[in-house]
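Asker: Next come the chains, spelled out residue by residue.
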Amino acid sequence: MMKGIGVSPGISIGRAFVISKAATTFSGVQLTTNEDIAAGISKFEAAVVSASAEIEAIKMDLNLTLSADELNILEIQVELINDPQIKDDVVEKIETDKKTPGDALLEVIANLVTVFEEMDDEYMSARSADIRDAGARILKYLQNIPPPVIPTFNGDVIIIADDISPSETMTMDLQHVRGFATRAGSKTSHTAIIAKAKGIPAVVACGDDVMMAVEGDLIVLDGATGFIHINPDESALNDYKLKRDALASETEKLKGLKDVPSITTDGVSVHLEVNISGIDDMLLGFENGGEGVGLLRTELLFMNRDSFPTEDEQFEFYKSIALQSKNNPVIVRTIDIGGDKQLSYFNIDAELNPFLGYRAIRICLDRPEIFITQLKAILRASVFGKLKIMFPMIANVQEIRAAKKLLEQAKYELTIQNISFNANIKVGIMIEIPSAAVTADILAKEVDFFSIGTNDLCQYTLAVDRMNEKISHLYDTYNPGVLRLIGNVIEQGAKNNIPVGMCGEVAGDPLATLLLLGMGLKEFSMGPAAIPVIKKIIISNSETKAKQVFSTVMQMDNSTDILAYLRQVTT
Amino acid sequence: MITKDYTILAAQGLHARPATALIRLVKNFKSAVILQKGSKMVKLNSMLNILSMAIKGGETVTIIIEGEDEQEAAIAIDLFFTEQAKEL
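First to last, the protein sequences are chains X and Z. Going by numbering that gives the first Met the number 0, 19 is the number at position 20 of the first sequence; the sequence numbering is gapless. Going by numbering that gives the first Met the number 0, 14 is the number at position 15 of the second sequence; the sequence numbering is gapless.
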């Protein structure tokens, strides 16, 4: 067993097909006459033309159905083959060092490959494979190497190779290919891109051991964990077969939903978003079909350190999120410390009821310097994506006005520093305190959006500490009182024309989906894994049905009946 | 001569795909176009030279254009960095 980097998830079982490459070698020949040198240069130029023509032919070959990613790889190849820098370097080696065009090219490519491999940037070092591939294409026409035999396969095979070039992956008969395992490569190498695009499990950077496999060996490969087994024993093989089949049916379901718009059967569009603490969650959420970030928690930025993060440190974080958000909206919640989240460098006196104590916006309004630093960092990042600002733990309208005043001050400070920001950044609040839910009609006039935080709203409404296990059975989101508060917030949002979202646990609870939809909720934000499940409910039901569910639930007097009913109607 | 600064908006930086588009765009003009990051300067006609600068998302680069059609080239390049590059 060995381990590489899993770049395309899934489990594959098949027979090894090993592609080994003949090494290209230097001839060491020195050119002697000026005629030879001139001929060498024109031979190189002709090879460049032929190599470009070969790529054009691949692009035009209608038998190959190339994806946009694959076409891009080919375009990049054309540019590299025709690169003036490569040409100048090769011509110089032919003219000054009297090298044959083949030797000159090999040297130039080898140098470039080293330079790129050593670059401190994963993407750029992976480009060394493109350069090597471009060089090999030109070299082929210089040394009259016959075109590669495109392997055709019988039965399930797993391709094992040093690295797989774009030309190989694109022209290979992939019908029976169940997986790729390469000795070299990285997350951004061609094998990774193509395997992902084709949905074929792949593991790269396996090291020399993988080349010990011989043709016909039974190979098991896990493209998620990166594990590879050569000739595994029967019990391991059976385990993997079971895992493969379970995974196949699960991913099939999810994959099918990713690009399906989340619209009810009667045409009501619902926005599914993801709750995140960092970039990884966001990308996973987008992969699962999320169309924005309904909650970016900023506490992680403040935890596990010795002092408050500086404005620049925070700015870099928000900027990286904004840049990778693919222009989807991202709601940034200002710090929500206190309660169960304490900072080692910021001492909060022991409190009898920390959840009712000094926390979130209350700290921010008390210590404006902490708050303004964060607001300035978010504002500066707002030019890189659709960022919105959200204040947590709002209990009354004065707090909103005070927070907005500090936001204005942050904007003013940036303006006099001549730093650009989105002056019209949207400002919203979390609705998680019962007084805010009850006065949603008043608060709606002060902000651009609401987001309902069900976790705190539930614990405050029911007077149940959600951290206390003794009373955890009393923590009950389906309590009619909690549901009425949620319903009121959604209704008041609609009346005042401001969008209402939900970023608490309930938004990702499949039993609540129809009820919330019936209340009129259009923005659900949840953990990345929940998105496909919620989407499936939305696309299989109508808003009309959801409205009936809502009015039926409002007739019921206890959560046990409500839950039993919701279980029965949720399909 | 026209000089202008641009912040790279694409998260992945000026990687191979936008670099390809940029080189092809620049080929349409007679003017010489130079890309500068910090103290490094390269002609905007070589993919390798652009890639070797390893320009990341959020970084600022300077574009220098000189030639008879520099006005037209500047407009096209401006559009590329402010609009098209986001799509690539």
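Treat the hints as calculated values from the structure; they're not laboratory data. Note that the coordinates shown come from a computational prediction; the quantities given were computed from them, not determined experimentally. We treat Cβ as the ideally placed atom computed from N, Cα and C, and that holds for glycine. Don't take each hint at face value.
[Claimed, not checked] Here are the in silico distance ranges between beta carbons for each label pair:
1. Z:Gln70 x X:Lys186: 38 to 44 Å
2. X:Ser419 x Z:Lys26: 52 to 58 Å
3. X:Thr264 x Z:Gln35: 51 to 57 Å
4. Z:Gln35 x X:Ala349: 37 to 43 Å
[Said to hold, decoys possible] Covered stretches of chain X, as calculated for chain Z (at least 3 residues, CB under 8 Å):
5. 81-95
6. 470-479
[To be verified] With a straight-line Cα cutoff of 16 Å, these simulated EDC-like cross-link-like pairs (lysine to aspartate or glutamate) come out:
7. Z:Lys55 x X:Asp119
8. X:Lys544 x X:Glu121
9. X:Lys494 x X:Glu445
10. X:Lys186 x X:Asp120
11. Z:Lys55 x X:Asp265
12. X:Lys195 x X:Asp68
13. Z:Lys42 x X:Asp87
14. Z:Lys55 x X:Glu121
15. X:Lys325 x Z:Glu69
16. X:Lys404 x X:Glu368
17. Z:Lys55 x X:Glu368
Asker: Hint by hint, say whether it matches the structure.
Answerer: To see whether the hints hold, each was checked on the structure:
| no. | hint | in the structure |
| --- | --- | --- |
| 1 | Z:Gln70 x X:Lys186: 38 to 44 Å | holds (42 Å) |
| 2 | X:Ser419 x Z:Lys26: 52 to 58 Å | violated (32 Å) |
| 3 | X:Thr264 x Z:Gln35: 51 to 57 Å | holds (56 Å) |
| 4 | Z:Gln35 x X:Ala349: 37 to 43 Å | violated (57 Å) |
| 5 | 81-95 | holds (count 4) |
| 6 | 470-479 | violated (count 0) |
| 7 | Z:Lys55 x X:Asp119 | holds (12 Å) |
| 8 | X:Lys544 x X:Glu121 | violated (50 Å) |
| 9 | X:Lys494 x X:Glu445 | holds (14 Å) |
| 10 | X:Lys186 x X:Asp120 | holds (12 Å) |
| 11 | Z:Lys55 x X:Asp265 | violated (44 Å) |
| 12 | X:Lys195 x X:Asp68 | holds (10 Å) |
| 13 | Z:Lys42 x X:Asp87 | holds (13 Å) |
| 14 | Z:Lys55 x X:Glu121 | holds (12 Å) |
| 15 | X:Lys325 x Z:Glu69 | violated (32 Å) |
| 16 | X:Lys404 x X:Glu368 | holds (13 Å) |
| 17 | Z:Lys55 x X:Glu368 | violated (31 Å) |
Taken one by one, the earlier hints fail for this structure at numbers 2, 4, 6, 8, 11, 15 and 17, listed in ascending order.
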